[in-house]
Every structure is written in C-alpha cells, then in structure tokens.
Amino acid sequence: MKKILALLCLGLVVPIVSAQETNEVEKLKQQLQQVQDKLEKERNEDRQLIQALSQKVNDLLKQTQAATTSAPSAVATAPTDAEKAKLEAELAGELGPAATNQPAAMPARSWSPAEPITIAHAGSAYMNISFDALMDVGGSSKGDPSAQLELGDHDPIKNGFSLRNAEIAVDGAVDPYLKGFGNIVLKLDKNNETQIELEEAYAQTTALPWNLQAKAGQFFAAFGRQNAQHPHQWAFVDEPIILNRAFGPEGLRNIGAQGSWLLPTSFYTEATLGILDGQGGTAFGFRNPGDADALGVNRFHGRATVNRGLRGPGDLVFAPRLASSFDLTDQQTLVAGVSGAFGPNDTGVGKRTEIYGADLYWKWKAPDAHEGFPFVSWQTEVLYERFEAGADPSAPTPLPAETLRDWGFYSQVLWGFKPRWVAGLRGEYANGDRGAFDAEDIYRGERTRISPAITFFPSEFAKLRLQYNYDHGALFGDAHSVWLQMEFLLGAHGAHKF
Amino acid sequence: MKKILSILSGLALIGSVAQAKLNVVATTGDLGSIAKEIGGDKIEITTLGKPTEDPHFVDAKPSFIVKLNHADVVVEGGAELEIGWLPALLDQARNGKIATGAPGHISCATGVPLIDVPATLDRSRGDIHAAGNPHYIVSPSNAKIVARNIADGLSAIDPKSADVYQANLKKFDDEIDAKLVEWHKTLAPFQGQSVVAYHDSWPYFAKEFGLKIDLFLEPKPGIPPSPAHLAEVIGKMKGENARVIIVDPYLNRKTADTVAAHTGAQVVEVTQFPGGIKGTEDGYIQMEDYLVNSLAKALGQK
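Line by line, the protein sequences give chains W and R.
With our numbering as the guide, the letters of the first sequence map in order to residues 1 to 498.
With our numbering as the guide, the letters of the second sequence map in order to residues 499 to 800.
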C-alpha cells in the first residue's frame, strides 16, 4: 500500500518536474528505493513465515491422510457395484417409485480456516437477481413506427425516445429437484405511462430420470431460435417481421407445460413438446380474441372473433421441436432445428392454425478468442403459417371462410470483428397468398427489410447499438428508420444458452 | 410398474458398471491435466475449454451438454471462473450426478486461499470476481490443493479405486514438492522484480515466487487498454525498471508489443493451460517448468 502511494505520488510529481529539478527526482528515486527495500525485507520475512506454516499444515494433513488411507482396507469388504446395484434395484421395488431418483446426497461442507470470509457474493445468495433496461431513440420516415413498421412489443414504438423493456430477472434453485425462473417486464407506453407484464414465471426440473426435463408455468415456447430469447439477447433493435406475423407482438409465450428429452445419441439432439393454454394475445394466432374495432367488436384478420372456451385437450396449443447440433471443427458449431405450433383459432368454431418453422445457426470463434472475439455467426429462420379463417358476413366488408397461407424468413450475419464490437446485417422477406382482407392487414402482404447494425459493448453489462432499416412493404412503399439503442444490466444474470 | 422400474434401474446400473472407467469432464485444461495425474487409467478425461481460449468466455456449445450428460464427474475451477457458461450447460445436462452440490461435482477452489476478494461488489471497478481471483492454479501450492480436491472427490465416488487416487495424489504432491524447490531456486535471483501482465490473472504466481505483478495493460479487469492508461503504465515501468511483459495466448499481443517497444521490455508468452503454448502439452508440471524458465530467462537478460 505504501509502495503504491509512493508510486502515485511519484506519478503526480513527475509531470511538473522541470529540467533543473533532476536532483529532486534523484532524491525521490532514492526514497522509493528505500521503501522498496524495506517492503522487500518485510515480504521475505512474511514468505518465510508462510512457508514454515504451510509445512506445518502439510505435515498435519499427511498425518490425517495416513489415518484416512488406512480406511480403504475396509472398502475391500464393502459391497461391489454389482451388489450395490442389485440391492438398490431391490430397494426400489420394495419402496415403490417415490423413493427412486432421489438426487445424490449432498455432503455437508464445513468451512475451513483457509477460506476467506466473504460478504454476500453471487454463489451465496438464494437467487440471482438482475435488472436490465433497453431504451431506443430514433425515428422513421413513416411517422408512427408502430403503425406499420415495428410490430414487436419490445420494438421502438414512437419517433423519439422509447423504453420498451426494463426487465427484472430472477433465477435460482428452488430445492434439489427444481430451478425457478421469473421475468417481470416494465415498459413505457406511447404516453410514457408504465405498463407491467409477467413475461415468464416457471419452474424446471433438475433431477428427472432418462434424460428428461420438464417445466411448467408461463414461458416462451421453444419454437426456433429467437422466440425464446429475451430482447437483451437479440442482435438487432427489433424483432424479425415473420416472427411478429406468426406470433404477434409478444412472441409465442403462454402458460402451460413442456417436456424435453435429450436423445442418447453421440451428438446433441433434443426433442421438446410444449403444451400451452393457447389463450390471449401471447398466443396470437390461436384462441386470441383480437383487438376491438371502431364498433367495439374484437376482430382478427378482419373477422369478428368467437368466444371459444377450452372444451378439451384438442383446444390446447401443441408445440413440438427437434434440434440437433454438430461441432464441424473445434471452432465451428452448427445447430439446426424444426419446430411447430398447432392449435385452434378464434375466427370460427373448428378453425385451426398451424405454424411450421426451420432454423439454422452457425458460429465460428477464433481459437485464441479474447472475451469471445473475434467470431462470425449466421442465423436463419424460415416460417410457414396456415390459418383457417372463419366466415364473417357481418364484417364491414363481408368476409368468406378461407385458408390464409403466410411465409417468410430472416437471415442475419454477425461479425465480432474486434473485442467489444459487433457488425451485423439482417435481410428479411415475408409474404402470403391473397386474402379477402389483405389490403388493410399489417400482418399480411409482401414486405422486405434490410437492416445493417453496429453494436458496441463498453463492457459485458452494457451496449450501444446503431441500426438502420430499409423497409419496403406493399402497404406503405419505402420507409427508412434509424435507431440507437442503449442497454445496461445490473446484478447477477444467469448464463445464456448457446 | 414396480417390477418394470426395478428392472430398468437395474439395467441402468449394470450399464454403468460395464463402463469401468469413470467419465470425468474438466472445464479447463489445467484441471484436466491434474485430474489425469490423479485418475490415471481409472478415468476417461474430457476437457471443455481449449487451452488457447479465454476461460471466462467458453461457448456453451450443445455438444458440451452431451458430454456433461454422459459424465460421472465434473471438475470445475469454481470461484466464478466458469460463471458465464457452465451453469447454462449444467441446467440442460439433466445429470443429477454432477449437479451443484452432488458428489460428482468437484469444485477445485474449495480450500484454496483466494486473494483479491472484493470487500464490496462494485462493477465500476471492472469485471470483478465476487469470490476472489479465480486464476489460482498457476501457483503450484494451489495445484496441490486442487489435486487433493480431485483425489478426494474421485475417492468418494469410486471408493474401490481410492487407494489408487490417493497414491497418485502422493506421487503428484511429491513431484510438485521436488519441483517447487527447483522453481523457487530458478526464480530466487529475481525476488521483488516487477513483471507487467495484460490481465490480472497472475497474483498467485507472483505470491508464490516473490515476483511483483501489479502493473496491468488493462486499466481494470475486462476493460481494454486505453492509450492514456498505457502511457501511465509505461511511465511506471520505467520507474520500476520492469523489463518483462507477460501475455496469455488469447490476449492482445499487439498491445504488449507496443508497450515493449516503448520501454525496451521483453514480451513473454505465458499460459495457464497445458497446451496453450507449444511445449506445454504434457501437463501441469511441464507448463509450470515453461513458465518459470521462460520468466527467469527474460528477467535474467540485461
């Protein structure tokens, strides 16, 4: 400490020393040398003491070790693994299924005097808690960007400033069997009034047998790559168009349960089945009453929606997914998946929605990457939706029963060209067959968007992102937007999946 | 149902018996190398992070989920070294044997006297580690603690080979003890000399061998060097007559070279992981040999 202080003083003094004051420098150097010598002497004494003490500790340890190593002789008579297995199987049979699959006993760990005493750090808290805020500033050539351009709930909603995602995330172990996750999102509406939503709240198992895992609660469905990601993981300011069209402003996120199975293959393959309640705006294309029109009627794709309660398991949304991953080389990883979401919709009795998706993610990372840079990644998702729309003869323009087919994709390349800097380019296309309501429906019709972006991470816990969107839509022609996004994160945030 | 369950669990256990060797997954190469010394031919070792890779920023690749799913034991550094990627992998691995707190989860930092434990958690000081500096294994004394943790962990899981693990531990300890004398002797002439590091990963090495490694090219952990900070470091280096800059393979060599050009210092490539530099592939002891000898050589040059 003294030394550092001395150094700091020296650092302060040096710049104001003029040529004729070199004597002063010499004097200071001598002083510094003296302090150094003194410190060195003390340090050596300490070191000798440490060595003597550690020798003592080692000797003591060896004694205790000798005492414990004499124990393995008893092990020789202990039951063999096969015998143990047999006994365990017998016990399992006798005790019934409830007793099997107990998580392994946790050995009590006593504190050792060699360990430092620390005040609350991440590992000692019952849960991780973090606060993450994303805000945008910028504008589009179309005035209100949320009218036609930015359909996502966390996208910028107006020219000027918007804050659409201030998220409190918690996670931790509930007990030896479950982990719990929660995400509460606060956001400002167009009048800067605060809105709140329970984005996710679910428990996930940690100790199911046969490579199974289950979760239950409110959660993002495992459909493709981006649907299940929170906005702060996104590589661009806004959500891809086709995801908004298929899943609405908030993504496919509903209360329900999900089971997944890690297949016993040599490479990663995971099969997932989500069963969702499928009701409301977070199950956009399903049992969603839609938004009220001028007459106060809830409409979806122009049609009045029927209030269709859950009549049986067939009215739930089923969301299966199969994903595989391969390491092409030590530096390159590929993940490919197919997903689906199937359930009824509210435009008429017996009407159903089917959504299919395929996704691909490839990443290269340098073998000597510093803080994960440089890297190149490529992500693409393709979606196809088949929507059976009911007839609505009472609509302002009477609408027939018809099947609407929509499709689209986005493809994005990210290049982490140097530590803390990522350049990105995203291209998107969405289209669908003509429907009777097409001309007015912002969720249908042809649309193209090109978005270059550059992101700077001052640290792991903050980012600044500048993005330009060139937009072209059948509904609005050409549009240009520029957004600057800022993020900061406080607290302990759980690690992300690949 | 009961019968089916008992048959299935019986089968599962027979399957695990047939596979005689313990399947051990180590997060980084240094841990893998020590685990290999202790486990010998009783274990099959897989290492996740590459030796040239930043241990804080390993990708949580899906192939690692499969490796962890098959593992009997996971050996981690702990003290938040792998906090950015291992928890996500363990969540998805569905393997109760290696869950946090289970006997198959060996945290090597247990019992290591960690230094630089922050009194307050404040990220304005950079990307700090709440538990203390996690780069402790480069100190051979700590490597011995790691070896003991691994030997005890393996013995608890596989008691019938416990004597093998304990014998290997003794062999490793003896080897380190013998080498330690040699290493201390090699570095003895340079006690108290100043060595500059890019990132603060070397306090344990400095403490062990009486070097002074407290000047860093990074102004704060995880914050890249700015010209202003480098100018300050260069000034201090001249004041302290620091002639050696050490750089890990995953850090920016160019920055170190620039500072070296301004100070006449020598850049020495160092690694915390066997295989991170050519000629360190054999394991921990060869790596430590390399570190001690290359530093002594650089410090010995006038």
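Derived from the structure by calculation, the hints contain no laboratory data.
Since we're looking at a predicted model, the values are computed, not measured.
Treat each hint with caution, since some may be false.
Said to hold, decoys possible - If you want the footprint, here are the derived chain R segments under chain W, 3+ residues with CB under 8 angstroms: (1) 576-586; (2) 724-732; (3) 786-794.
To be verified - With a straight-line cut-off of 30 angstroms between C-alpha atoms, the simulated DSSO-like cross-links for lysine-lysine are: (4) R/734 with W/29; (5) R/683 with W/41; (6) R/658 with W/41; (7) R/734 with W/418; (8) R/705 with W/86; (9) W/363 with R/683; (10) R/669 with W/29.
Virtual Cβ for every residue (Gly too), placed ideally from N, Cα, C.
Evaluated hints:
no.: 1; hint: 576-586; in the structure: holds (count 7)
no.: 2; hint: 724-732; in the structure: violated (count 1)
no.: 3; hint: 786-794; in the structure: violated (count 0)
no.: 4; hint: R/734 with W/29; in the structure: 12 angstroms, holds
no.: 5; hint: R/683 with W/41; in the structure: 18 angstroms, holds
no.: 6; hint: R/658 with W/41; in the structure: 50 angstroms, violated
no.: 7; hint: R/734 with W/418; in the structure: 28 angstroms, holds
no.: 8; hint: R/705 with W/86; in the structure: 52 angstroms, violated
no.: 9; hint: W/363 with R/683; in the structure: 46 angstroms, violated
no.: 10; hint: R/669 with W/29; in the structure: 48 angstroms, violated
Hint compliance for this structure: hints 2, 3, 6, 8, 9 and 10 are not met, and every other hint is.
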